[in-house]
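**Student:** Chain residues, written in single-letter form:
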Amino acid sequence: MRVIYRKYLPGEDIPAADYFSRRKLVKYFSRETMAAVVCIGELLKGEVPSPETPFFFSSGETEMMDIYKEACMVFDKGELKFDSSMFLERAITVISPLSHFKMMRNMAHCFISIEYGLKGDNAATMGSVSGLLVPAMLSEGRGDILIGAGKLHADGTAEGGFALVTAHELKDCPMLESDGEAICFFRENYNI
Amino acid sequence: MGVVITGIGVRSPLGCTVEECFMNLELGTRCVRDIENFETGGFSQRAAGEVRHNGEVVKSPPDVDRKALFLEGSIEDLRNKTIFSERYNPEDIVLNTGGGLDYVDIESFYKTGQFRSPAGEELPSHYKSGEKIRETADKFNIKGGTNIFMASCAASTQAIGSSYRMIKQNFKKAAVTGGSDSMVNHVNYVGFQKLGAMTADTNSPFACKPFDLRRSGTVLGEGALMILLENSSSARQEDILAEISGYASTMDAYAVTDPDPEGKSLAAAIDGALKDAGITSDMIDCVHLHGTGTPKNAPAEYNALKLVFGERVNSLPVYSMKGQIGHLIGSCGAMELLGAIYSLKHQVVLPTINFETRDPNAPLCVIKGEPLKMNIKYLLKTNSSFGGENTAIVLKKWERL
Numbered sequence: 001m002r003v004i005y006r007k008y009l010p011g012e013d014i015p016a017a018d019y020f021s022r023r024k025l026v027k028y029f030s031r032e033t034m035a036a037v038v039c040i041g042e043l044l045k046g047e048v049p050s051p052e053t054p055f056f057f058s059s060g061e062t063e064m065m066d067i068y069k070e071a072c073m074v075f076d077k078g079e080l081k082f083d084s085s086m087f088l089e090r091a092i093t094v095i096s097p098l099s100h101f102k103m104m105r106n107m108a109h110c111f112i113s114i115e116y117g118l119k120g121d122n123a124a125t126m127g128s129v130s131g132l133l134v135p136a137m138l139s140e141g142r143g144d145i146l147i148g149a150g151k152l153h154a155d156g157t158a159e160g161g162f163a164l165v166t167a168h169e170l171k172d173c174p175m176l177e178s179d180g181e182a183i184c185f186f187r188e189n190y191n192i
Numbered sequence: 001m002g003v004v005i006t007g008i009g010v011r012s013p014l015g016c017t018v019e020e021c022f023m024n025l026e027l028g029t030r031c032v033r034d035i036e037n038f039e040t041g042g043f044s045q046r047a048a049g050e051v052r053h054n055g056e057v058v059k060s061p062p063d064v065d066r067k068a069l070f071l072e073g074s075i076e077d078l079r080n081k082t083i084f085s086e087r088y089n090p091e092d093i094v095l096n097t098g099g100g101l102d103y104v105d106i107e108s109f110y111k112t113g114q115f116r117s118p119a120g121e122e123l124p125s126h127y128k129s130g131e132k133i134r135e136t137a138d139k140f141n142i143k144g145g146t147n148i149f150m151a152s153c154a155a156s157t158q159a160i161g162s163s164y165r166m167i168k169q170n171f172k173k174a175a176v177t178g179g180s181d182s183m184v185n186h187v188n189y190v191g192f193q194k195l196g197a198m199t200a201d202t203n204s205p206f207a208c209k210p211f212d213l214r215r216s217g218t219v220l221g222e223g224a225l226m227i228l229l230e231n232s233s234s235a236r237q238e239d240i241l242a243e244i245s246g247y248a249s250t251m252d253a254y255a256v257t258d259p260d261p262e263g264k265s266l267a268a269a270i271d272g273a274l275k276d277a278g279i280t281s282d283m284i285d286c287v288h289l290h291g292t293g294t295p296k297n298a299p300a301e302y303n304a305l306k307l308v309f310g311e312r313v314n315s316l317p318v319y320s321m322k323g324q325i326g327h328l329i330g331s332c333g334a335m336e337l338l339g340a341i342y343s344l345k346h347q348v349v350l351p352t353i354n355f356e357t358r359d360p361n362a363p364l365c366v367i368k369g370e371p372l373k374m375n376i377k378y379l380l381k382t383n384s385s386f387g388g389e390n391t392a393i394v395l396k397k398w399e400r401l
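In order, the protein sequence lines correspond to chains Z and U.
For the first sequence, position 120 matches number 120 in the working numbering, and the numbering has no gaps at all.
For the second sequence, position 256 matches number 256 in the working numbering, and the numbering has no gaps at all.
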C-alpha cells in the first residue's frame with residue numbers, strides 16, 4: 001500500500017498546475033482539489049493507471065465560506081436589508097459558474113478522472129474514512145484501487161491524500177469502520 | 001438470496017406518501033410550478049418542482065435546511081412502515097445517502113452580519129450536509145455507519161448501489177438508502193442557473209421536456225426518497241417491492257460539464273450492471289433514463305443504448321420522470337426508483353411528461369399520451385452526473401416465493 005499526504009497552510013501556493021495537463025482548468029479548482037491533484041501526481045509519478053482502475057474520492061465537510069462571504073460583501077451597503085432582487089442584482093457577479101465548480105463536492109473526483117482517463121468503478125463521497133474505504137473494498141476491481149481524499153479548512157489550510165490499495169489490504173485496515181474524516185486515513189498512514 | 005427493496009419513505013413534488021406519489025404518476029400531474037417557498041423577485045426563471053403534500057407546497061422558514069427536513073421525514077416514514085429499528089440491531093443497519101451542496105440561509109447570514117465573522121467561527125446559518133446527515137442517523141439509532149455520496153446527479157444511485165453491494169457481500173444486514181437534496185434556495189438556484197443547464201422557458205409546468213426536439217434545458221426539483229434494502233431471506237415477504245439484481249458505475253472522463261456524446265462509459269455501466277445481474281441485454285424490458293431535458297443529454301443516452309441494445313434501441317420503451325417533477329440532483333436517481341417500482345408493480349411504462357416531438361438525433365422510443373401496458377420482468381435505471389459519473393441499476397420484478 002503506497003500512501004501520500006500533503007498539507008498546505010493558508011495562503012501557501014499549491015502547485016496544481018505542475019501536475020495537470022490542462023492548466024487553464026486550474027482556475028476552477030478549490031484548494032482541496034489542488035491539493036488532491038498534487039498528491040495523485042506525486043503518487044503516480046508519470047505512471048499511467050489502467051482506465052478500469054476503480055477510483056474512490058472523499059471530499060471534506062465544507063468549512064470555507066469565502067463565496068458566501070464575498071456575495072454578501074458586494075451587496076452590503078451597511079443597511080443589512082435583504083431582498084431577493086437586490087441580492088440578484090449585486091451578488092450575481094460573485095455567484096459565477098467558477099464559484100459553483102469550487103463548491104461541488106465531486107469536482108476533484110471528476111477533474112482527476114479526466115486527467116488520468118479513469119473510467120472504471122467509482123464513487124464520490126464526503127465525510128468519513130469508512131465512507132471512503134468500504135465502497136472501495138467492495139468494488140468490482142481485483143487489482144489496485146485508487147483512493148483519495150481532501151479537506152479544505154475554514155482558514156484556507158488544504159490537505160490532500162492519495163493511495164493505491166487492494167481490497168485485501170482494506171479488509172484488514174484498522175480504520176475500515178472509522179467515523180473520522182477520510183483525510184485522517186492519509187494523515188496517519190502516509191509512507192511516501 | 002436477493003437484495004430487495006422492502007419499504008419507501010418519500011418527500012416529493014409528487015407527494016409525501018407512496019400512495020399520493022403513485023396517484024400523481026398515474027394522473028400525469030405536472031408538479032413543476034413557479035417557486036412558492038421563497039421570494040423570487042428579480043429571478044428570470046422561477047420554475048421548480050417543490051415538495052408538495054395534497055397539492056400544496058410544503059413550506060419552511062429560511063432557517064430550515066429543506067434537504068435535512070426531507071431526509072428526516074422520509075426516514076421516519078420508512079421506519080414506521082418497515083420497523084427496521086425493531087427488526088435489526090442498530091449496528092447491522094447502515095445509512096447510505098446521496099446529498100447535495102450545503103445550505104446557507106443567506107438572508108440570515110447577511111442580516112446578522114455573519115459574513116463578517118472570522119474564518120473558522122461557527123456560523124449558525126451554515127447547515128453542513130455531513131453534520132446534518134449524521135445527526136439524522138443518530139436520531140434513528142442507525143449505528144452501522146453513515147456514508148454520504150456526493151456524485152451530483154449520480155449521488156443517490158451510487159448510495160443505493162453501494163448499499164446493494166454491502167448487503168450482497170454480507171457486509172451489512174440492512175441499508176437505509178436513497179438521497180435527499182434541495183437546491184431550491186437563493187444561492188444554489190442562481191448558481192445552478194449560471195452553470196447553463198437550466199431552461200430559459202418560463203412556462204413552468206411545460207419547461208422541462210426530456211428527449212423532445214424542443215428541449216432547451218432542465219429545471220430544478222427537490223425532495224427525498226429513502227428505501228430499505230435487505231436480504232430477501234430476512235425480509236418480510238409481503239413487504240418486498242422489487243429486487244435489485246445488478247449495479248455498476250463508470251466515469252466518462254470526458255468533460256466536466258458535458259456528457260461523452262458517444263455514450264461509451266454509460267454503455268459500459270449498463271454492460272456492467274447486466275453482467276452483475278447475470279442477464280443479457282435482450283432480457284431488459286424497458287429503460288428509465290436520466291432524461292434531463294438538456295440538449296446534450298438525449299443524444300448521449302441514445303448512443304449509449306445503441307451500443308448496448310443495437311437496433312432494438314428504436315423500439316425499447318424509455319421513460320424520464322424529470323418533465324413531471326424536475327431534476328432533484330443529489331436525490332434524482334433515488335426518486336426515480338419510484339417510477340421504476342410503479343412500472344414493475346403495474347406492468348406499464350409511463351408517458352414522459354412534456355414529450356411530444358421525437359428528436360431525429362435521439363430517436364428513442366419515448367411513450368406519450370397513455371401508459372404502455374407490457375410485461376416487465378427486468379427494468380434498467382440509469383443516471384449520469386454533472387462531472388461524468390454514470391450509474392446503472394437492474395431492477396427485477398419480485399416473484400413471491
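Hints listed in this document are in silico derivations from the structure and should not be mistaken for laboratory results.
One or more of the hints may lead you astray.
[To be verified] Some chain U residues judged to face chain Z by a derived CB distance under 8 Å, without partners named:
{"#": "1", "residue": "Val104"}
{"#": "2", "residue": "Leu123"}
{"#": "3", "residue": "Phe171"}
[To be verified] Pairs of lysine-lysine, PhoX-like flavour, derived with a Cα cap of 20 Å:
{"#": "4", "chain 1": "U", "residue 1": "Lys132", "chain 2": "U", "residue 2": "Lys143"}
{"#": "5", "chain 1": "Z", "residue 1": "Lys69", "chain 2": "U", "residue 2": "Lys168"}
{"#": "6", "chain 1": "Z", "residue 1": "Lys171", "chain 2": "U", "residue 2": "Lys275"}
{"#": "7", "chain 1": "U", "residue 1": "Lys396", "chain 2": "U", "residue 2": "Lys345"}
{"#": "8", "chain 1": "U", "residue 1": "Lys345", "chain 2": "U", "residue 2": "Lys306"}
{"#": "9", "chain 1": "Z", "residue 1": "Lys102", "chain 2": "U", "residue 2": "Lys194"}
{"#": "10", "chain 1": "U", "residue 1": "Lys194", "chain 2": "Z", "residue 2": "Lys27"}
{"#": "11", "chain 1": "U", "residue 1": "Lys173", "chain 2": "U", "residue 2": "Lys194"}
{"#": "12", "chain 1": "U", "residue 1": "Lys168", "chain 2": "U", "residue 2": "Lys396"}
{"#": "13", "chain 1": "Z", "residue 1": "Lys171", "chain 2": "U", "residue 2": "Lys132"}
{"#": "14", "chain 1": "Z", "residue 1": "Lys69", "chain 2": "U", "residue 2": "Lys128"}
{"#": "15", "chain 1": "Z", "residue 1": "Lys69", "chain 2": "U", "residue 2": "Lys194"}
{"#": "16", "chain 1": "Z", "residue 1": "Lys69", "chain 2": "Z", "residue 2": "Lys81"}
{"#": "17", "chain 1": "U", "residue 1": "Lys81", "chain 2": "U", "residue 2": "Lys132"}
{"#": "18", "chain 1": "U", "residue 1": "Lys111", "chain 2": "Z", "residue 2": "Lys81"}
{"#": "19", "chain 1": "U", "residue 1": "Lys296", "chain 2": "U", "residue 2": "Lys275"}
{"#": "20", "chain 1": "Z", "residue 1": "Lys81", "chain 2": "Z", "residue 2": "Lys27"}
{"#": "21", "chain 1": "U", "residue 1": "Lys296", "chain 2": "U", "residue 2": "Lys306"}
{"#": "22", "chain 1": "U", "residue 1": "Lys139", "chain 2": "Z", "residue 2": "Lys102"}
{"#": "23", "chain 1": "U", "residue 1": "Lys173", "chain 2": "U", "residue 2": "Lys143"}
{"#": "24", "chain 1": "Z", "residue 1": "Lys24", "chain 2": "Z", "residue 2": "Lys69"}
{"#": "25", "chain 1": "U", "residue 1": "Lys168", "chain 2": "U", "residue 2": "Lys275"}
{"#": "26", "chain 1": "Z", "residue 1": "Lys102", "chain 2": "Z", "residue 2": "Lys24"}
[As the list claims (entries may be wrong)] Selected chain U positions facing chain Z (in silico; Cβ < 10 Å):
{"#": "27", "residue": "Glu19"}
{"#": "28", "residue": "Ser44"}
{"#": "29", "residue": "Arg87"}
{"#": "30", "residue": "Pro90"}
{"#": "31", "residue": "Pro124"}
{"#": "32", "residue": "Lys128"}
{"#": "33", "residue": "Arg134"}
{"#": "34", "residue": "Ala151"}
{"#": "35", "residue": "Val187"}
{"#": "36", "residue": "Asn188"}
{"#": "37", "residue": "Val190"}
{"#": "38", "residue": "Phe192"}
{"#": "39", "residue": "Thr250"}
{"#": "40", "residue": "Asp252"}
Cβ atoms here follow ideal geometry from the backbone N, Cα and C, with glycine treated the same way.
**Student:** To test your reading of the hints: which numbers does this structure violate?
**Tutor:** 5, 6, 8, 11, 13, 17, 19, 20, 22, 24, 27, 29, 30 and 31
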